[in-house]
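Q: Next come the chains, spelled out residue by residue.
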Amino acid sequence: MKIKIDRPINIEIKHMTRVEGHGDIKIRVENGKLAECVWKIVETPRFFEVMFKGLPIEMAPILASRICGICSISHALASARAIENAMQIEIPEAAQKARVLAKHAETLQSHTLHLFFLIAPDFLNALSVIHVIKSNQRLVELAAMIKGFANNASDLFAGRTTHPVVIKIGGLTQVPRKKQLRELAKDLNVTIPYLWEALDVFKKFELPDFTRETEFVSLKGGDCYPFIGGDLVSSDGVRKKEDEYLAMTNEYLVDFSTSKFTRLSRESFAVGALARFSNNYDLLHPKAKEVAGMLNIKPGDFNPFFHNLAQLVECFHVIYESKDMIAELIDSDTSEFSIPYKPEQCEGVGVVEAPRGILYHYYRLNKDGKIEEADCVIPTSQNHANIYYDLQSFVEKLIAQGKGEEEIGHLAQMLVRAYDPCISCSVH
Amino acid sequence: MKYLGITLERPKIGIFDFTGCEGCQLQIANNEASLKDLFGLVEIVNFREISSERRDDYEIAFVEGSITTDSETARLKKIRKQAKILVAMGACACSGGVNNLRSRFSLPETIKEVYGEHHIDSGPVRKLKDIVPVDIELPGCPVSKNEFEWLVRNLVLGITPQFPTYPVCVECKQRLNSCVVDMGMICLGPITRGGCNAVCPRNRFGCWGCRGPSDEVNFESLMEIHIKRGFSEEQVVERINFFNTFSGIFK
Ligand code: SF4
Ligand code: SF4
Ligand code: SF4
Numbered sequence: 000m001k002i003k004i005d006r007p008i009n010i011e012i013k014h015m016t017r018v019e020g021h022g023d024i025k026i027r028v029e030n031g032k033l034a035e036c037v038w039k040i041v042e043t044p045r046f047f048e049v050m051f052k053g054l055p056i057e058m059a060p061i062l063a064s065r066i067c068g069i070c071s072i073s074h075a076l077a078s079a080r081a082i083e084n085a086m087q088i089e090i091p092e093a094a095q096k097a098r099v100l101a102k103h104a105e106t107l108q109s110h111t112l113h114l115f116f117l118i119a120p121d122f123l124n125a126l127s128v129i130h131v132i133k134s135n136q137r138l139v140e141l142a143a144m145i146k147g148f149a150n151n152a153s154d155l156f157a158g159r160t161t162h163p164v165v166i167k168i169g170g171l172t173q174v175p176r177k178k179q180l181r182e183l184a185k186d187l188n189v190t191i192p193y194l195w196e197a198l199d200v201f202k203k204f205e206l207p208d209f210t211r212e213t214e215f216v217s218l219k220g221g222d223c224y225p226f227i228g229g230d231l232v233s234s235d236g237v238r239k240k241e242d243e244y245l246a247m248t249n250e251y252l253v254d255f256s257t258s259k260f261t262r263l264s265r266e267s268f269a270v271g272a273l274a275r276f277s278n279n280y281d282l283l284h285p286k287a288k289e290v291a292g293m294l295n296i297k298p299g300d301f302n303p304f305f306h307n308l309a310q311l312v313e314c315f316h317v318i319y320e321s322k323d324m325i326a327e328l329i330d331s332d333t334s335e336f337s338i339p340y341k342p343e344q345c346e347g348v349g350v351v352e353a354p355r356g357i358l359y360h361y362y363r364l365n366k367d368g369k370i371e372e373a374d375c376v377i378p379t380s381q382n383h384a385n386i387y388y389d390l391q392s393f394v395e396k397l398i399a400q401g402k403g404e405e406e407i408g409h410l411a412q413m414l415v416r417a418y419d420p421c422i423s424c425s426v427h
Numbered sequence: 000m001k002y003l004g005i006t007l008e009r010p011k012i013g014i015f016d017f018t019g020c021e022g023c024q025l026q027i028a029n030n031e032a033s034l035k036d037l038f039g040l041v042e043i044v045n046f047r048e049i050s051s052e053r054r055d056d057y058e059i060a061f062v063e064g065s066i067t068t069d070s071e072t073a074r075l076k077k078i079r080k081q082a083k084i085l086v087a088m089g090a091c092a093c094s095g096g097v098n099n100l101r102s103r104f105s106l107p108e109t110i111k112e113v114y115g116e117h118h119i120d121s122g123p124v125r126k127l128k129d130i131v132p133v134d135i136e137l138p139g140c141p142v143s144k145n146e147f148e149w150l151v152r153n154l155v156l157g158i159t160p161q162f163p164t165y166p167v168c169v170e171c172k173q174r175l176n177s178c179v180v181d182m183g184m185i186c187l188g189p190i191t192r193g194g195c196n197a198v199c200p201r202n203r204f205g206c207w208g209c210r211g212p213s214d215e216v217n218f219e220s221l222m223e224i225h226i227k228r229g230f231s232e233e234q235v236v237e238r239i240n241f242f243n244t245f246s247g248i249f250k
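Protein sequence lines, in the order shown, are assigned to chains C and P.
When we follow numbering that gives the first Met the number 0, the leftmost residue of the first sequence carries the number 0, and every step to the right adds one.
When we follow numbering that gives the first Met the number 0, the leftmost residue of the second sequence carries the number 0, and every step to the right adds one.
Quick caveat, the hints were computed from the structure, so don't treat them as lab data.
Misleading hints may appear alongside valid ones.
Subject to a maximum C-alpha distance of 16 Å in a straight line, what follows is the list of computed EDC-like cross-link-like pairs (lysine to aspartate or glutamate) [what the hints assert, rightly or not]: (1) C/K13 <-> P/E71; (2) C/K202 <-> C/E289; (3) C/K177 <-> C/E48; (4) C/K219 <-> C/D254; (5) P/K111 <-> C/D374; (6) C/K13 <-> P/E52; (7) C/K288 <-> C/D242; (8) P/K35 <-> C/E140; (9) P/K111 <-> C/E48; (10) C/K39 <-> P/E52; (11) C/K178 <-> C/E343.
Covered, in the sense of this in silico footprint (three residues per stretch, anywhere, with C-beta under 8 Å from a C-beta of chain P), are these stretches of chain C [to be verified]: (12) 111–120; (13) 124–135; (14) 144–151; (15) 278–284; (16) 330–340; (17) 376–388.
Okay, the calculated beta carbon distance ranges per label pair [unchecked claim]: (18) C/N9 <-> P/D120: 37 to 43 Å; (19) P/R54 <-> C/K297: 40 to 46 Å; (20) C/E243 <-> P/D134: 48 to 54 Å; (21) P/R103 <-> C/D330: 37 to 43 Å; (22) C/N249 <-> P/E112: 16 to 22 Å.
Where is the CB? At the ideal position from N, CA and C, for every residue including glycine.
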């Protein structure tokens, strides 16, 4: 007779690597059963909602960008938009376009960083991109060139790659000159083939097979794939206006995390590339749809590891859409990029799709143009509950498959990484 | 090849983060063109954000963020003990940076505003220097990626790094920017130390002083310039306090 020995499993990963911010994983298996499985957020809070208080509104986008070094452009945009919505002003068209282009540059920057630097090492059996240089130098070169383009585009449309300087209330401090736009367009055309080459590498990665159905929350695009403003939608059928964000987020506190958790129609929901992709597939650029076909991913796919595939699809979307938009900007009048405003007592919400998912900023101002109250709901805080429940169900599956401690620890980290969590941002 | 009496050949470096936005460390990964050269020049043995390798035999520590909890204090002291050279990286580490904006309110008030009655471990905002000796301060919010690499090259070669002390205005004029003060904006360029290539005024945006004071700081004349153009004293003071980089010299 064969005796099954269930060795206890004790996994404690403190300050998980290759993610932004500080999070721990704790897994305990006793008698073959999952006894404990937590995704613990230990990041120290910075209390941004308090920092905003009493500051003049002009400072809001500048401070907001410091919530996150990776998605600083999204924070500045959500912040400026919230205050513009509050004062009911509409920024000039050229500024709207240039803002979307800044957003695209950030999405490409952030997705490339995640895919090439943080995710790829897992599939190439390397500890980090530094080690990948030795084993797969071409991939690192491609990453450098694609990211280099994204950084140049951020410099041009946002003033720099981290912590933008051109985004201000009422529009932008400037839009790029036509000559600069033409140069960037050339740079973009050179970059597109690199992305296709990288796709060939990523196509070969074998993603773990795991599915847990969930609710996808994102912006809903009208005539284009959504990045800045619009209706809020969930795949379980909830639809709300931009300023009804609290109905979508329902934040609550848990005792093992300094980040708040959120819920909507079920125990958890997911935001980010896969949610956007699933809720807005029809609006993707044809080239991005082609890539989705090659990667075999469809709307309604729930494997959380597909987040990475959706990010790759979005890289194609943003680069091809940027190409069209830069051409439009070259052919249009860009002399107006900012409008004057007068502060009044009011409140407003600004919503953007940050690289990691839907991001909400809310402010209440007084008539002197000072901030009285602020609220920011971050994509990763909305994903924490989903990661938490995914992790339990994933680890249970791995136990049933008889996987050992080391492999479970490794795969659990890969699952968390798939969400591209931005933990310091989620705690803010 | 010595710095502070220490011989460094392909020194081992560690990059660590505390309470901040991680934007400073991101600058290291952001210089894609020279990233490979950088990895050749130094051995990165600890960089949690991008690597799963974690060794504790580093000689130079780059530390980002402010210190706000006891466990952070303990972790920083441990790093200080190991590192021969400790570099405070960015405004959060050097001066508390934007984190300091919450110090306008009491701690219990602050925690209550965000977490209600929920228990949260957090103390006052402190810069690294408040806790351990710091050898080099790399200024900025974020630090400049070129300056980071320049600093690393200097350390490898054993040269004591000399940061610019002239004001941002010098680089701004070199780049032939139009002065934003003349366009009706506040600019702290005249009192802030250069080295960022005047990136903000270059983009028609006033300087916010993220790099801290230049060698000669004249608050009175800065104030006068702005008041003459219709700004209030309060507006200029708010700006000076934003990154907390002038604390100690400005009251
Ligand atoms: S100094 Fe600025 S960029 Fe660096 S960590 Fe602090 S907030 Fe982020
Ligand atoms: S814009 Fe600012 S930094 Fe440039 S010259 Fe004027 S005051 Fe000096
Ligand atoms: S111009 Fe001023 S605020 Fe901008 S990066 Fe330089 S020192 Fe910092």
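Q: Each hint needs a verdict: does it hold in this structure or not?
A: Hint by hint, here is what the structure shows:
{"no.": "1", "hint": "C/K13 <-> P/E71", "in the structure": "holds, 14 Å"}
{"no.": "2", "hint": "C/K202 <-> C/E289", "in the structure": "holds, 13 Å"}
{"no.": "3", "hint": "C/K177 <-> C/E48", "in the structure": "violated, 39 Å"}
{"no.": "4", "hint": "C/K219 <-> C/D254", "in the structure": "violated, 33 Å"}
{"no.": "5", "hint": "P/K111 <-> C/D374", "in the structure": "holds, 14 Å"}
{"no.": "6", "hint": "C/K13 <-> P/E52", "in the structure": "holds, 14 Å"}
{"no.": "7", "hint": "C/K288 <-> C/D242", "in the structure": "violated, 31 Å"}
{"no.": "8", "hint": "P/K35 <-> C/E140", "in the structure": "holds, 9 Å"}
{"no.": "9", "hint": "P/K111 <-> C/E48", "in the structure": "holds, 11 Å"}
{"no.": "10", "hint": "C/K39 <-> P/E52", "in the structure": "violated, 21 Å"}
{"no.": "11", "hint": "C/K178 <-> C/E343", "in the structure": "violated, 39 Å"}
{"no.": "12", "hint": "111–120", "in the structure": "holds (count 4)"}
{"no.": "13", "hint": "124–135", "in the structure": "holds (count 6)"}
{"no.": "14", "hint": "144–151", "in the structure": "holds (count 4)"}
{"no.": "15", "hint": "278–284", "in the structure": "violated (count 0)"}
{"no.": "16", "hint": "330–340", "in the structure": "violated (count 0)"}
{"no.": "17", "hint": "376–388", "in the structure": "violated (count 0)"}
{"no.": "18", "hint": "C/N9 <-> P/D120: 37 to 43 Å", "in the structure": "violated, 25 Å"}
{"no.": "19", "hint": "P/R54 <-> C/K297: 40 to 46 Å", "in the structure": "holds, 43 Å"}
{"no.": "20", "hint": "C/E243 <-> P/D134: 48 to 54 Å", "in the structure": "holds, 52 Å"}
{"no.": "21", "hint": "P/R103 <-> C/D330: 37 to 43 Å", "in the structure": "violated, 48 Å"}
{"no.": "22", "hint": "C/N249 <-> P/E112: 16 to 22 Å", "in the structure": "holds, 19 Å"}
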